[in-house]
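S.K.: The primary structure of each chain is shown beneath.
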Amino acid sequence: MAKPAGLCPRSAAALVIQRVLLGQSLTTAIADTGKSVAEQQRGLFQQLSYGVIRWYPSLKAISEQLLTKPLKAKDADVLSLLLAGLYQLRSLRIPDHAAISETVNACKALNKPWASGLLNACLRNYQRQRKTLETLLENDLVSELAHPAWLIEHYQADWPDDWQRILSANNQQPPMMLRVNSQQSNQTDYLQQLSNANIAASALADCPQGIILQQACDVLALPGFVDGMVSVQDGAAQQVADLLELQPGQRILDACSAPGGKTCHILERFAENELIALDISSERLKQVEDNLSRLQLSATCLTADACQTQNWWNGEQFDRILIDAPCTGSGVIRRHPDIKLLRKPTDIEQLAKQQQALLDSLWPLLKPDGMMVYTTCSIFKQENELQIEAFLQRQPDAMEHLPAKAPARRARFGYQLLPGDNDLDGFYYACLRHR
Amino acid sequence: MALLNILHFPDPRLRQKALPIEKVTDEIRQLAHDMLETMYDAPGIGLAATQVNEQKRLIVIDVSEDKNDPLFLINPELLSTEGERDFEEGCLSVPEAYETVTRADTIRVRALNLQGEPFEMDAEGILATCIQHEIDHLEGKLFVDYLSNLKRQRIKKRLEKHQRQKL
Chain A
1 MAKPAGLCPR
11 SAAALVIQRV
21 LLGQSLTTAI
31 ADTGKSVAEQ
41 QRGLFQQLSY
51 GVIRWYPSLK
61 AISEQLLTKP
71 LKAKDADVLS
81 LLLAGLYQLR
91 SLRIPDHAAI
101 SETVNACKAL
111 NKPWASGLLN
121 ACLRNYQRQR
131 KTLETLLEND
141 LVSELAHPAW
151 LIEHYQADWP
161 DDWQRILSAN
171 NQQPPMMLRV
181 NSQQSNQTDY
191 LQQLSNANIA
201 ASALADCPQG
211 IILQQACDVL
221 ALPGFVDGMV
231 SVQDGAAQQV
241 ADLLELQPGQ
251 RILDACSAPG
261 GKTCHILERF
271 AENELIALDI
281 SSERLKQVED
291 NLSRLQLSAT
301 CLTADACQTQ
311 NWWNGEQFDR
321 ILIDAPCTGS
331 GVIRRHPDIK
341 LLRKPTDIEQ
351 LAKQQQALLD
361 SLWPLLKPDG
371 MMVYTTCSIF
381 KQENELQIEA
391 FLQRQPDAME
401 HLPAKAPARR
411 ARFGYQLLPG
421 DNDLDGFYYA
431 CLRHR
Chain B
1 MALLNILHFP
11 DPRLRQKALP
21 IEKVTDEIRQ
31 LAHDMLETMY
41 DAPGIGLAAT
51 QVNEQKRLIV
61 IDVSEDKNDP
71 LFLINPELLS
81 TEGERDFEEG
91 CLSVPEAYET
101 VTRADTIRVR
111 ALNLQGEPFE
121 MDAEGILATC
131 IQHEIDHLEG
141 KLFVDYLSNL
151 KRQRIKKRLE
161 KHQRQKL
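Top line first, the protein sequences correspond to chains A and B.
At position 343 of the first sequence (counting the first as 1) the number is 343 in the working numbering, and the numbers step up by one without a gap.
At position 74 of the second sequence (counting the first as 1) the number is 74 in the working numbering, and the numbers step up by one without a gap.
Just so you know, these hints were derived from the structure itself, not from any lab.
Treat the hints loosely; a few may be bogus.
Quick list of in silico lysine to any residue cross-link-like pairs, SDA-like style, CA-CA up to 25 Å [to be verified]:
#1 B:Lys161 to B:Lys67
#2 A:Lys3 to B:Glu117
#3 A:Lys3 to B:Ile155
#4 A:Lys3 to B:Asp26
#5 B:Lys151 to A:Ala109
#6 B:Lys67 to A:Arg294
#7 A:Lys381 to A:Leu342
#8 A:Lys3 to B:Met121
#9 B:Lys67 to A:Leu191
#10 A:Lys3 to B:Pro12
Partial selection, computed: residues in chain A whose CB lies under 7 Å from chain B [stated by the list, open to error]:
#11 Met1
#12 Ala2
#13 Lys3
#14 Ala5
Every residue gets a Cβ at the ideal spot worked out from N, C-alpha and C, and that includes glycine.
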């Protein structure tokens, strides 16, 4: 008997979107549902899932114009499928008739055959009234820019000159970037291996181990991926290892390590260094362990809330402490478009408190000549320069350390990359030392 | 280990009735392992000896995600069946066709294992579907036989055309 046909890419994407609407992360939903999608159809499945979430505010607004009455909550899968249909008509190069008929067919897989007529009518109406509907969108900031209103306002307030550029960068599909494991290979050699495998790529500026692929591909297609020769990581995150000014023989703390990209990068520099990798979630810490084992590196992984030092710290201070703090992710929306749906305005305040607690409780763990690096993948000032400014006021013995090479534009304190700067994710960096 | 050639519908050899295995020899064990490898490669979740042109009552099955739970059934017999279950079946001998077939939901089977020892087992869900699908092969029967004449003819024409193009 042949392997079961599994879900068609459109019905599977609808199920993913439904799960995100219910609060699950896009990455988890794709990993779970993707198992039931045939391999050769995973590309379209992922493209649809990411695309619909990325453009959700716009697609939702169009769907409201097309539906005479809103769908019931239990039919969120039908709504999701409608959005996937609209996304295909707006953004993908699939002929309209194929996009419509395949989307209508997917109702069967969702066990909602009654919805076929509805979807057919809505998608054909969109086709007919495309111009009018799209003009309507342009008159509404939320649907035109495809971000919730509170996020737009926050970007405007923090970046009055750049917010439009930021929002547009958030809606781009980001390039796939790699970090070569310097324990096993180097940028030049690995570029050669990629070229031998017919994968077009080039060196990433300012990242000695960084590579940017011309086109995203399955990680398993990357030479030596399984054996740990290379990892997927944005260049913005790759700059952190440089800022740490690593040396052999250091004792290092990575306080919020999952999924382990920076953790592994630190050890790839000097594999013998003693590294303690913490994460508050044991499930997420498992990803760190998996990455370490794939890259053939070792660290002490502990499930702990870094702030509760009495629960995990043995009293020996660190040469380096990395706080890659939990944050809104407002700089990486292009990679995690579900942030648009999952984050709430109240999250900022709560995350800022967590960040402050991490800074305050870990500062005493730093050796007198040690360095602490604080990073976030946010571009909101409250999580970044204002957070560090407040910390420096609370800790008179702490001061900012200026690295030899600035990783990004100078902020009032620290450095800020905006999404799309040098093609990279939005990211914040600050280095701290004792006075 | 070797990959075996899988016969495709409407090959008449798929219609032969397989013969019972008198003794489980090393050759039978070798055939079983080659069939397993062929099935994983296809990729499939079940394969009957008939499909690789061996007229022997031997089937291999693995319905696990991770391909780590192989089941070998020699001279399998359905002892009892219960309930109904619809499943969209596909067959390695009928490439790219998937159609819904109704079969028993729960079954009890007797067979010999690779050591030639008899055993009985209960199966339900996809495993039950798969065992019934493979036992059908040993009787010269295919899942397309459960479909309407029209659907079967359409699949047959498509595969015949496909085979002509390959020649």
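S.K.: Are the hints correct? Go through all of them and say.
M.R.: Cross-check of the supplied hints:
{"no.": "1", "hint": "B:Lys161 to B:Lys67", "in the structure": "violated, 33 Å"}
{"no.": "2", "hint": "A:Lys3 to B:Glu117", "in the structure": "violated, 29 Å"}
{"no.": "3", "hint": "A:Lys3 to B:Ile155", "in the structure": "holds, 18 Å"}
{"no.": "4", "hint": "A:Lys3 to B:Asp26", "in the structure": "violated, 28 Å"}
{"no.": "5", "hint": "B:Lys151 to A:Ala109", "in the structure": "holds, 20 Å"}
{"no.": "6", "hint": "B:Lys67 to A:Arg294", "in the structure": "holds, 21 Å"}
{"no.": "7", "hint": "A:Lys381 to A:Leu342", "in the structure": "holds, 20 Å"}
{"no.": "8", "hint": "A:Lys3 to B:Met121", "in the structure": "holds, 22 Å"}
{"no.": "9", "hint": "B:Lys67 to A:Leu191", "in the structure": "violated, 34 Å"}
{"no.": "10", "hint": "A:Lys3 to B:Pro12", "in the structure": "holds, 24 Å"}
{"no.": "11", "hint": "Met1", "in the structure": "holds, 4 Å"}
{"no.": "12", "hint": "Ala2", "in the structure": "holds, 3 Å"}
{"no.": "13", "hint": "Lys3", "in the structure": "holds, 5 Å"}
{"no.": "14", "hint": "Ala5", "in the structure": "holds, 4 Å"}
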